[in-house]
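The primary structure of each chain is shown beneath.
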Amino acid sequence: MVTALTKRWKTRHGFLFIQEDECKGCGFCIEFCPKKVLEASDRFNAKGYFPPRVVDADACVNCTFCQLICPDFAIWSEKDEVGSDDA
Amino acid sequence: MPEGRILKGTHFLNGDEACAEGAIAAGCGLFAGYPITPQSEIAERIAERLPQVGGTFIQMEDEISSMAAILGGAWAGLKTMTATSGPGFSLMMENLGLGLMTETPCVLVNIQRGGPSTGLPTLVGQADMMQARWGSHGDYAIIALCPSSPQESFELTIRAFNLAETYRLPVLVLSDEVVGHMYERVVIDPDRIEIVERCPPNRPPGEFRLYEPGPDLSPQGMPTFGDGHRVHVTGLTHDERGYPIIDAETQHRLVTRLKAKIETHADALESVEEIDVDDAEIVIVTYGISARTSLGALRDAQERGWKVGMLRLITVWPFPAGRIRALADRVAGFVVPEINLGQIVLEVERAAAGRAAVRSVPHAGGAIHDPETIVAAIEEVLRDAS
Amino acid sequence: MPVKTKKLPVPEVLPARTHPMQGYLRVDRLPHIWCSGCGLGTALSCFTYALDELGLTCADVGVVSGIGCTGRAAGYLNLDSYHTTHGRAIPFATGLAVGQPEKKVVVFSGDGDLFAIGGNHFIHAARRNIDITVLCVNNFNYGMTGGQFGPTTPVGARGTTAPYGNSENPFNLPYLAASSGAVYVARWTTLDARRLKTAMVEAIRKPGFTFVEIISPCPTNYGRRNRLGDGLDELRYYAERSVIRHGADPKDADLYPGSEILVGRFLERERPTFLEMYEEQILQKNHSAKK
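The listed protein sequences derive, respectively, from chains P, W and R. In terms of the numbering used here, the first sequence opens at residue 446 and continues consecutively. In terms of the numbering used here, the second sequence opens at residue 2 and continues consecutively. In terms of the numbering used here, the third sequence opens at residue 19 and continues consecutively.
Please note that the accuracy of each hint is not assured.
[To be verified] With a Cα cut of at most 30 Å, we get these calculated DSS-like pairs of lysine-lysine:
| no. | chain 1 | residue 1 | chain 2 | residue 2 |
| --- | --- | --- | --- | --- |
| 1 | P | Lys455 | R | Lys24 |
| 2 | P | Lys524 | P | Lys455 |
| 3 | P | Lys481 | R | Lys24 |
[Said to hold, decoys possible] FRET-style restraints, in silico, Cβ to Cβ:
| no. | chain 1 | residue 1 | chain 2 | residue 2 | range |
| --- | --- | --- | --- | --- | --- |
| 4 | R | Arg254 | W | Glu250 | 40 to 50 Å |
| 5 | R | Leu32 | W | Asp63 | 52 to 62 Å |
| 6 | R | Lys303 | W | Lys9 | 46 to 56 Å |
| 7 | R | Thr179 | W | Glu381 | 49 to 59 Å |
| 8 | W | Arg351 | R | Arg242 | 31 to 41 Å |
These aren't lab readings, by the way, just hints derived from the structure by calculation. Each residue gets a CB set at the ideal place from its N, CA and C atoms; glycine is no exception.
Pulled out of the complex, with its shape left as it was, chain P reads as follows (with noise of 0.2 Å):
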C-alpha cells in the first residue's frame, strides 16, 4: 500500500488512524459506526474520492467495527493496552 501518510486521532482509549489515500469512499465506516465517531471528509484524497474523518473523537470506543467493515484497509483502530473501562 503506497500511502504518503497517515492521519491518527486521539481517543479516550487509544487511538484511530485513517489513511485517506487508501480510501475508495464506500461510506461504510461512517454510516455503520456504532457511536457516529466520523463524517465524510470536505476534501477528496488522490483517487477522487471523500475520506472518512473523526467528528466525535470522545465518543470512539474503539470498537473496531470500522476496521473490520472497511474493504480497503483505510482506517484502524488502536487501543490502549492498559485502560480502565469507562463504561
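Following the hints, complete the assembly by docking chains W and R onto the known chain P.
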C-alpha cells in the same frame, strides 16, 4: 496381495497393474481418479496397494476434479498421479493446462480406447496422440511416453514421475487398451530403479522466486504448502514471482519459456528403440501396441528379403524429428502403422519434408492391425520407390 | 442567525503506518481491483482478522480460489495461495488438504464458481467431509465477466444474460451445504462484519467441511442492474432485511426479492472427517503407516 513399496520379483501382470506398481515404486503419495474402462485395473490396484504404503487413494467425482486434486496434492509435497481414457482425457484438458502453466509435477496416464466420444469403451485405440500434444488450449510443450508392454508400463510410469520432477510439468503416459490388458512377465528389480526426488527451493523464503528459471529453463526448486515460502500459484499469465501480470511482454517471456524448457531438451528426452535400421530401405515408425504388431510384419518383410527396419517411439512427445530427418536422407520411405486414421504420421511427414516417402497404415480402432496390411504397405512403398 | 461551526478534532499527521493486518497481505499487490462499495474487501479484511484471532501464521494456512472477483482474494493474501481454474478450487484444495493434513485450507470463491461450474465438487467434498473451509461470497451474479445471472440470482432479478429477469429458481446455499454433509453452516452479510469474522474463526477452527455464505453488495453489476443503489444502499438494505436466527433450519434460508435475509449460524455438528474415516477403515486395516 503383497505389500511394500517396490514389488521386487518376477510377476505376471497386465499393463494397467504394472503401471500401478510403477507409480507406487516411484513414490506416489496420492492417486485421484474416476472409473473408466480400460483404466479400471490401475485404480483398483492402486486402491488396494497405495494404502499399504501409507498413501491416499481418492475416487473423485469426475476427471476434472481428479486432475485438480493431483495438482493440489503436488503443491502439498506429494508425488501424484491420475489415470483415465479418452473421454476423461478430454475432461482433464483444462486442468492439464493449469498444471502446465503452474509448472506442477504429476503424472497423467491415458489408456487409449476407440473414440471419438464414448466410442469403443473396451477396445483399443491410439487416437489421442495429437490431443496429447495439442489438447489443452494455448501454446505449450508436453512430454508423452508410450509403453509397448507391461514391463514398459512399469518402467515408463516411473520415468514419467522422474521427468515430471525434472521438467516441472504433468507428464503423460499414453498406453492403450491392449497393452493395458495384456499379461506378460514383469521383472521388478529395485537395484535397477532410479527415482528422481523433488528439488526443494534453492533459496530461503523471501529470497526464493517461484518461477525463476535455472539454466535448464525450469524453475529451481519447488516449495511445499506450509513450509513458509508463501507462494502464489496462478493460472493467469504471471512473472517470476508468480504474480499475475496481464500483458504481452510477460506472456511472451513465460509462454516461450514453457515451450523451450522441453523443446531445447528434445535430444535428452528422445527415447526410441531401433531394430535393423542401419541398412534399411523402409523404416516402420510406430509406438505402443502397434509396435508389437509391427514386429510380426517386420519379420515377414525381412523373410521376403526386403531391407526393412523399425523405429519404435518410446518418447512420442517431443517428437524425435531429428531422428526422422536423419533417416529420411537415406531410406526410401517410412511406413507408419497406428490405430487411428493418421496422427503421428503427420509428424513423420513433417520431419521427412518430402525427402522420403511416408505411408500411413491407419486403423479406425477396435482391434490391432493385421500384420499383412503393414507388409502390404511396405511392399507398396518399395514398389513406388523402384 | 450565526452559523454554528464545528470544532473538529485535529489529527496528527504521520508518515505512512502499516496496517495491523498487513502481515497477512501482499502489500505490493494492493490496492486491490475491487470496486468502491464491493463487499469483497470487507470479506478479505474479516478474514485477516480471523486468522489473527486464531493465531495462525502465514505458514499455517493456505487459500485456494477459483475464477471471478472473489477468486482474486487469493492473490492478495500473503499465504500459500492458489488461484486455480473456474469451479475447481475445491478439488484442488482436497489434494492440498490430503497432502498437508495439519495445515488449514480455506477455499475463497464466489457464487458462480462454487455452485454452477463447481457445484458437483462442492457437494462431494461436503459429502466426504474433507477438512476445508469454504467461504462463498455471494453477490448474486458473475461480477468479473460483466454481470451475468447465476445459480443464486433471485427469480425476477436482472443480469446481462437475463435481460427480462431471471426465470430460474436459485439455490439456497445453506440448505445445499447442510444437506450435502457440511458440519458447520453459517450465513452473514458483509454488514455483519464482526459476526462474519467470528463465523470465519469458528469455521476454520472446526475440523471437517465448514461453510460460510457471505452476502455482499455488487454495486457495479448486480446492484446497478437491479436498481439497488450503491454499496452503501445495499448494506442499508441488509440492515433492514436481515434477521438473525442461530440454529434456524437451513430450509428457511431461501432468498427472493423482498424476502427477509436470514443470517446466523445455522448448523454445527460432528462427523468424522474424510481422513479420519480413511485412516480407520483403510489404513489401519492394512497395518500400514499412519498419515
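Point to revise | 52 to 62 Å as the expected CB spacing between Asp63/W and Leu32/R, which holds or is violated | key: holds (55 Å)
Check your understanding: Would the pair Lys524/P and Lys455/P pass a check requiring their Cα atoms to be no farther apart than 30 Å?
Key -> Holds, at roughly 10 Å.
Practice item. Starting from the range 49 to 59 Å, see whether the pair Thr179/R and Glu381/W falls in it by beta-carbon distance. Key: With a Cβ separation near 56 Å, Thr179/R and Glu381/W satisfy 49 to 59 Å, so the hint holds.
Exercise for review: Could you say whether the range 40 to 50 Å given as a hint is met by the Cβ separation of Arg254/R and Glu250/W?
Suggested key: Holds - the Cβ-Cβ distance for Arg254/R and Glu250/W, about 45 Å, lies within 40 to 50 Å.
Point to revise | Given hint Lys24/R paired with Lys455/P - CA-CA distance at most 30 Å | key: Given pair Lys455/P, Lys24/R holds - Cα atoms ~18 Å apart, limit 30 Å.
Practice item. Take a quick look at whether Lys481/P and Lys24/R sit within 30 Å of each other, Cα to Cα. Key: Judged against 30 Å, a Cα distance of about 15 Å means the pair holds.
Check your understanding: Is the hinted range of 46 to 56 Å satisfied by the C-beta distance from Lys303/R to Lys9/W?
Key -> violated (24 Å)
**Study point:** Supplied distance hint 31 to 41 Å, evaluated on CB atoms of Arg351/W and Arg242/R
**Key:** Once the Cβ atoms are compared, 53 Å apart, the range 31 to 41 Å for Arg242/R and Arg351/W is violated.
Against the hints set out earlier in the document, violations occur for numbers 6 and 8.
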